[in-house]
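There are 2 protein chains.
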Amino acid sequence: MPVATIKYYIRSGLLPRGRATAPNQARYDESHLARLRLIRSLREVADLPVATIAEVVAVLDRAEDQPDPGHVAAALRTLDDDIAGASPEARAVVDRLLARVGWEVDPDAPGYRAMAAAITAIDLHWPGAYSLEGLERYAVIAAELAEQEIPDDWDPVGTGQEAVAYAVLGTILFEPVIVALRRLAHADRHRRLTAASRAERPSVS
Amino acid sequence: MPVATIKYYIRSGLLPRGRATAPNQARYDESHLARLRLIRSLREVADLPVATIAEVVAVLDRAEDQPDPGHVAAALRTLDDDIAGASPEARAVVDRLLARVGWEVDPDAPGYRAMAAAITAIDLHWPGAYSLEGLERYAVIAAELAEQEIPDDWDPVGTGQEAVAYAVLGTILFEPVIVALRRLAHADRHRRLTAASRAERPSVS
Numbered sequence: 015m016p017v018a019t020i021k022y023y024i025r026s027g028l029l030p031r032g033r034a035t036a037p038n039q040a041r042y043d044e045s046h047l048a049r050l051r052l053i054r055s056l057r058e059v060a061d062l063p064v065a066t067i068a069e070v071v072a073v074l075d076r077a078e079d080q081p082d083p084g085h086v087a088a089a090l091r092t093l094d095d096d097i098a099g100a101s102p103e104a105r106a107v108v109d110r111l112l113a114r115v116g117w118e119v120d121p122d123a124p125g126y127r128a129m130a131a132a133i134t135a136i137d138l139h140w141p142g143a144y145s146l147e148g149l150e151r152y153a154v155i156a157a158e159l160a161e162q163e164i165p166d167d168w169d170p171v172g173t174g175q176e177a178v179a180y181a182v183l184g185t186i187l188f189e190p191v192i193v194a195l196r197r198l199a200h201a202d203r204h205r206r207l208t209a210a211s212r213a214e215r216p217s218v219s
Numbered sequence: 015m016p017v018a019t020i021k022y023y024i025r026s027g028l029l030p031r032g033r034a035t036a037p038n039q040a041r042y043d044e045s046h047l048a049r050l051r052l053i054r055s056l057r058e059v060a061d062l063p064v065a066t067i068a069e070v071v072a073v074l075d076r077a078e079d080q081p082d083p084g085h086v087a088a089a090l091r092t093l094d095d096d097i098a099g100a101s102p103e104a105r106a107v108v109d110r111l112l113a114r115v116g117w118e119v120d121p122d123a124p125g126y127r128a129m130a131a132a133i134t135a136i137d138l139h140w141p142g143a144y145s146l147e148g149l150e151r152y153a154v155i156a157a158e159l160a161e162q163e164i165p166d167d168w169d170p171v172g173t174g175q176e177a178v179a180y181a182v183l184g185t186i187l188f189e190p191v192i193v194a195l196r197r198l199a200h201a202d203r204h205r206r207l208t209a210a211s212r213a214e215r216p217s218v219s
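So the protein lines, in turn, are chains A and B.
Under our numbering, the first sequence has 117 at position 103, and the numbering climbs by one with no breaks.
Under our numbering, the second sequence has 182 at position 168, and the numbering climbs by one with no breaks.
One or more hints might be untrue.
Since the list can't tell identical chains apart, any single copy or any two copies may satisfy a pair.
Computed list of lysine to any residue pairs in SDA-like fashion (alpha-carbon distance at most 25 Å, straight line) [stated by the list, open to error]:
id, residue 1, residue 2
1, Lys21, Val154
2, Lys21, Ala213
3, Lys21, Thr208
4, Lys21, Asp169
5, Lys21, Pro37
6, Lys21, Glu44
7, Lys21, Arg41
Worth flagging that the hints you see were computed from the coordinates, not collected in a lab.
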């Protein structure tokens, strides 16, 4: 990583200064390196603006030795910050959906703003493309995903800082996996259904 | 929409010229308007570069009266173009995964490049964070999603152009819904598990 980038991160308050060992030298330890790697991931994978990364870093600085679900939620919530606005109508749709599936999450929960923004975009760009029943079927599948990713005997390991970093990385690295697999699953399904409908049609020969 | 934006789209070859009705006036019909709406969605929702939108538009121009799965696939494939590179190792992982789940999709299929890029990013930013078994569990859930979204009696309605436009819009508008629901499902699951572990712990009073 170029020195200029490290200096930029220090100036932006994302990275603490190293321990000065000479007028033009500084020493960086393991924790610096871990922080640097996380910042790079947030920039390169999620393309997050520096202001959002600064919020994640602020949560990391508050994290203690023991994992704290509040800190994890606060860090994940910042990922929603980069998301376009949500209409009051879309928020009402999200509230109705959450009530239907029995999820007890409030408007501060990670994903709430992202979900309301996604609904707002559909309302704007393809009105009528969803129903509450359809969204509920999506939610049931998302719950299945979450049960698989966070097993019943889930117990955060490592320090509070590590718990925050892993939660953030797990979110930004695996979301692209899930949407890419959906694209591939659609491709396979279209192929199957097209092949089936061809097989049904009587041959012209 | 500002006239300057429409002129920019015409100059970029995204939108055909209107029918000139006077030296400084042109008339635009329904098909122009539909095209303009799609371009706006691709820009605003998916933040796609103009070059990628031009490829989608080129597919639309080839589309005929009857829906054609080849055109739909070609349009969806362009959505992968905007995605970072994929390593040969990651492509090998995707191939092994596809063989395991029995999906017959080739490296040209929509989502293949996106999936390989997502795996490349994990290899780089969190080595060891996935296993082939874990990816297979994700794939099973993605297949469930696809079965729900594309029912067995699926039959494309409308013209070939409409089929292409709906496939592209359905992809870019519903991917954010799915990832947002995953974030919310995680939040609900963390809350449940935290509440359960608190309930298990003996009270100190």
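Evaluated hints:
1. Lys21 <-> Val154: neither (46 Å within a copy, 45 Å between copies)
2. Lys21 <-> Ala213: Answer is neither: 64 Å inside a copy and 47 Å across each miss the 25 Å cutoff.
3. Lys21 <-> Thr208: Answer is neither: 56 Å inside a copy and 40 Å across each miss the 25 Å cutoff.
4. Lys21 <-> Asp169: neither (37 Å within a copy, 57 Å between copies)
5. Lys21 <-> Pro37: For Lys21 and Pro37, the Cα distance is within 25 Å only inside one copy (15 Å; across copies 57 Å).
6. Lys21 <-> Glu44: Only inside one copy: Lys21 and Glu44 sit 17 Å apart there, 54 Å across copies, limit 25 Å.
7. Lys21 <-> Arg41: within (13 Å within a copy, 55 Å between copies)
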